[in-house]
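Student: These are the residues of each chain, in order.
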Amino acid sequence: MGQHDFEIHKDRLLDEEVWLATTSHGLRLRVVPTERFQEAAAMVSFRYGSTDLGFVEGGGAHRSPEGVAHYLEHKLFEDEELKVFDRFARRGARVNAMTGFTRTSYHFTATDQVLENLDDLLHLVSRAHVTPENVDKERGIIAQEIRMYEDSADYRLFFDFLGGLFGSHPVRHPVGGTVASIADITADELLACYHAFYRTGNAAMAVAGPVDPHAILQAAEGCKLASGKAPESVWEEDLGPVLRSWFERELQVPRSKVMLGFKDRDVVGDPEARLRRHLVTEILLDRLFSPSSEIREDLRRRGIVDDSLSFGYLSDFSFGFSSVSCESDDPRAAAEALRRTMLRPVELDEDYVDRVRRKMLGRYVRSFGSVRNLAFGQAQEALDDITPFRMLERFSSVTAADVVARQREHCREDSCAVAVAVAGQQRPGNGSAIPAAQRS
Amino acid sequence: MVEAFAGFHATEIEGVPVLWLPDRRFKTFRFALQARRPMDRRAAARSLLPGLLLQGTRRDPDRPALARRMERLFGAVVVPSTGKEGECHVLRFSLDSIAPDHAPGHPDLLGDGLELLADLLARPRLENGAFPEEVFVRERTQATHAARALFNDKAAWATQQALAHACAGEPMAIPEHGGVEAIESLRADEPEKARQDFLAHGEMLALAHGALPEESLLERIGKFLRELPTRSPEPIPASRHPEHRTRGATVERATVQQSKLVLVFRLPAADSATWAGRVLFASLLGGGPHSRLFREVREKHSLAYYAHATLERFKGLLLVQVGLDQSAAARVEEEVLRQVDELRAGTITTDELETARAGVLSALASVSDGIGERMEFTARQWLLGQDRSPEQQQELYVHTTAAQVAQAAEGLWLDHSYLLAPDDEGV
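First to last, the protein sequences are chains Y and B.
Residues in the first sequence are numbered consecutively from 1, following the numbering used here.
Residues in the second sequence are numbered consecutively from 1, following the numbering used here.
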């Protein structure tokens, strides 16, 4: 196998390169060969996540219970010998997986025997040892995981917020489902989803570290995943006004929490255009809420928000939303102030544009600081066929007018939802050291 | 003063040990200064310092001005923070920046960053020798909220409570933030006194690593250190180890669905080789999917969602943390003790030991891949007096036998069992 199998992209500023290839079975591969690190990281990612609850294949419509993608991720770590973790651990490798709204990813880091670990990672995703017995056995563990998340006020608040923004889109459901929804998941269901979505045409792999790209490509060629594309996921279009503009519930938190945000009323199919929109929205939120913003400082001095304030934007092919959250003693006043702040037309002067350009350059350079960042970032970009190393180019094309226009488009009265976790009962203790402990 | 330590160059400037290692593999660099003081009643005043210092300097009138200065340095991150290492309170200041080669015009990002750090640390915005009253009141309120908010992270809360109960009467029981009541009762002049105390009497260490400019590096660090007040460092008292006593038990209730069990074990003082054996012991017990707790408690008996074991080297503790259903707590504790006894008896298979060893060696091999990880490792080695690089540290683990692992756990005893369990609403 020669260099002609790869398309090589270089970043001249940082002197880095990424090698792109597609295996004969259609698996997209990216390799970042670098001797800067002793450790290597690899990730196999599938475009299949918690929002993929419906698909059509063979003329028939399939509906899944909430939490099926996450359940499947758990099950793939099981094989006939129950030794998946052991195989990696014996080589000192750390293996794990994560399920998100639109992706499921399996990854490892290792300082030795990278190719053997890669073979095991590819083997792990290329078969599903799913039986009614082992599905039932896993249910209790997953229920424990769900309960653990449900004990987190931030998690509850986030999904209360999404439940307000979206009336029908499955992004409104918790990624892992609920204890009730996973009760309906069967071995047949998991296998149907596995065979539908775990295919080379719906996957991408990235490896970064002191590796030989040709050897990696050879290992990828041995991948036993079924070929072909996944069926199209189907969901009801959900781009209208928010389902509910306000929702609150009492939770056992020391102080009330507010989350407010806006829903995108249109979606962008082209991945490159979507990334640009993402960037422009991030700049808008940075202008309003970063520590350097006089707008945030004014809210802070008036006691409306404090340092718990955080913000973000998330989008994919079928949904997009911004969010701002903070703790507050007066959640109504905080929500109203944040809503007004986001609706009031923003101004961006030359000084801000210069600073944010510098900050973004710094962030880009830092993204090359670990093999995990490199492998994970490339796997995600590969899934959407994003051209590597375009961030700075993308960023330099953004103008102040783009940000102003994006605010007008995104921040609309009927696109806004608020969720509040109202401080409920007292916690045990008060955070102080308790002097006496009972001994038995 | 030695000329090298744990793979770093070493020197002393202005009475402060300075460890540095330029490494062009990286595209960023970091400089950090840390000072340690014993954990005591001043903890609350110290923990308020990072928040207060970020509200401005004599040169930067407020927080946005300070943040804008960092943005102009290509998003340099200049952060004060506090931490707890055993029974010590640590105040850290770090400068994290991209290498000048990657910025247009190759500006002096180290020099400018150190100047910013000096402004933050040595020239805070004060009024009449104290932080401005308005700023102090706001930050005290913020710190109180943050301390209470720890309850939102149930696992962290359970660990804090377990240590408070197990180590009652010892400095270890004081939470890093000093406690809500202590924060609430702070006076405006106390944080500035705590800053001066840290700078004058703290046991200091400076470290630099990454894509550092080699030319006049030490001169620049020296210039920065000369900005600090005259110092007379005070030694840190040794930790007390209580006599073996009957296991204590605490159950606290809250509206939670998943219970948290924390078992606090004590370990006697020991040398580095013994601690290496203990690291393997903790790994075998609950250091990942290969461990006894994962395989027996989670996978075989389905008693918990997570179960892991970690060491607190500075204080000499082994903590076992488990997320489980309340009904399983007694069985899990019994199983943990059974596994501890088996490991102490040397009932360890070759496969188990080699897997634990591979994990520890791999983790050490990857330490040098991260600027922060390598600096943290080196600072820790300094505090422990262990002059070994990550590669040399690996040698401690290569030949450790099952018998040595078992022996390393001699003197281990369960001091306290803490359970955070659901109240009626959480069930």
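A couple of the hints might just be wrong.
[Claimed, not checked] Far from chain B by the CB rule (all over 12 angstroms, computed), these chain Y residues:
hint : residue
1    : His25
2    : Pro33
3    : Gly60
4    : Ala143
5    : Glu150
6    : Ala183
7    : His214
8    : Pro231
9    : Phe247
10   : Glu248
11   : Ala337
12   : Arg339
13   : Thr387
14   : Ser397
[To be verified] For each label pair, taking beta carbons as the anchor points, the in silico distance ranges come out as:
hint : chain 1 : residue 1 : chain 2 : residue 2 : range
15   : Y       : Asp385    : B       : Glu134    : 49 to 59 angstroms
16   : B       : Arg123    : Y       : Arg363    : 23 to 33 angstroms
17   : Y       : Val422    : B       : Glu134    : 36 to 46 angstroms
18   : B       : Glu134    : Y       : Val234    : 51 to 61 angstroms
19   : Y       : Gly424    : B       : Thr246    : 28 to 38 angstroms
20   : Y       : Val353    : B       : His301    : 54 to 64 angstroms
21   : Y       : Asp354    : B       : Glu391    : 52 to 62 angstroms
22   : Y       : Asp354    : B       : Lys223    : 45 to 55 angstroms
Calculated from the structure, these hints are not laboratory results.
Values in this document were obtained by computation on a predicted structure and should not be read as measured data.
Backbone N, C-alpha and C fix where the C-beta goes; we use that ideal spot for every residue, glycine too.
Student: All the hints need checking, so say for each whether the structure fits it.
Tutor: Here is how each hint holds up against the structure:
With a cut of 12 angstroms on Cβ distances, His25 of chain Y stays outside the contact zone with chain B, its closest approach being about 30 angstroms. Listed as outside the interface, Pro33 of chain Y is consistent with that label: its C-beta sits roughly 14 angstroms from the nearest C-beta of chain B, beyond the 12 angstroms cut-off. The non-interface label for Gly60 of chain Y is consistent with chain B: the shortest C-beta to C-beta separation is roughly 35 angstroms, beyond 12 angstroms. With a cut of 12 angstroms on Cβ distances, Ala143 of chain Y falls inside the contact zone with chain B, its closest approach being about 9 angstroms.
For Glu150 of chain Y, the requirement that its beta carbon stay farther than 12 angstroms from each beta carbon of chain B is not met, with the minimum near 5 angstroms. The beta carbon of Ala183 of chain Y sits about 16 angstroms from the closest Cβ of chain B, which is more than 12 angstroms, so the claim that it is off the interface holds. With a least CB separation of 23 angstroms from chain B, His214 of chain Y remains clear of the 12 angstroms interface cut-off, as annotated. The Cβ of Pro231 of chain Y lies farther than 12 angstroms from every Cβ of chain B, with a closest approach of about 33 angstroms, so its non-interface assignment holds.
Under the 12 angstroms C-beta cut-off, the non-interface status given to Phe247 of chain Y relative to chain B holds; the minimum distance is some 19 angstroms. Against the 12 angstroms criterion, Glu248 of chain Y stays outside the reach of chain B, whose nearest CB is about 17 angstroms from its own CB. For Ala337 of chain Y, the requirement that its beta carbon stay farther than 12 angstroms from each beta carbon of chain B is met, with the minimum near 17 angstroms. Against the 12 angstroms criterion, Arg339 of chain Y stays outside the reach of chain B, whose nearest CB is about 22 angstroms from its own CB.
For Thr387 of chain Y, the condition that its CB be more than 12 angstroms from all CB atoms of chain B holds, with the nearest at approximately 21 angstroms. Every CB of chain B is more than 12 angstroms from the CB of Ser397 of chain Y (nearest about 17 angstroms), matching its label as outside the interface. As the Cβ distance of Asp385 of chain Y to Glu134 of chain B is approximately 53 angstroms, the hint placing it in 49 to 59 angstroms holds. Take Arg123 of chain B and Arg363 of chain Y: their Cβ atoms lie about 28 angstroms apart, and the range 23 to 33 angstroms holds.
At about 29 angstroms, the CB distance of Val422 of chain Y to Glu134 of chain B disagrees with the hint of 36 to 46 angstroms. The hint said 51 to 61 angstroms for the Cβ distance between Glu134 of chain B and Val234 of chain Y, and at roughly 56 angstroms that hint holds. Checked against the hint of 28 to 38 angstroms, the C-beta distance between Gly424 of chain Y and Thr246 of chain B comes to roughly 36 angstroms, which is consistent with it. Range check, Val353 of chain Y to His301 of chain B: Cβ separation about 59 angstroms, and the 54 to 64 angstroms hint holds.
Roughly 44 angstroms separates the CB atoms of Asp354 of chain Y and Glu391 of chain B, a value that falls outside the hinted 52 to 62 angstroms. Between Asp354 of chain Y and Lys223 of chain B the C-beta distance comes to about 28 angstroms, which lies outside the given range of 45 to 55 angstroms.
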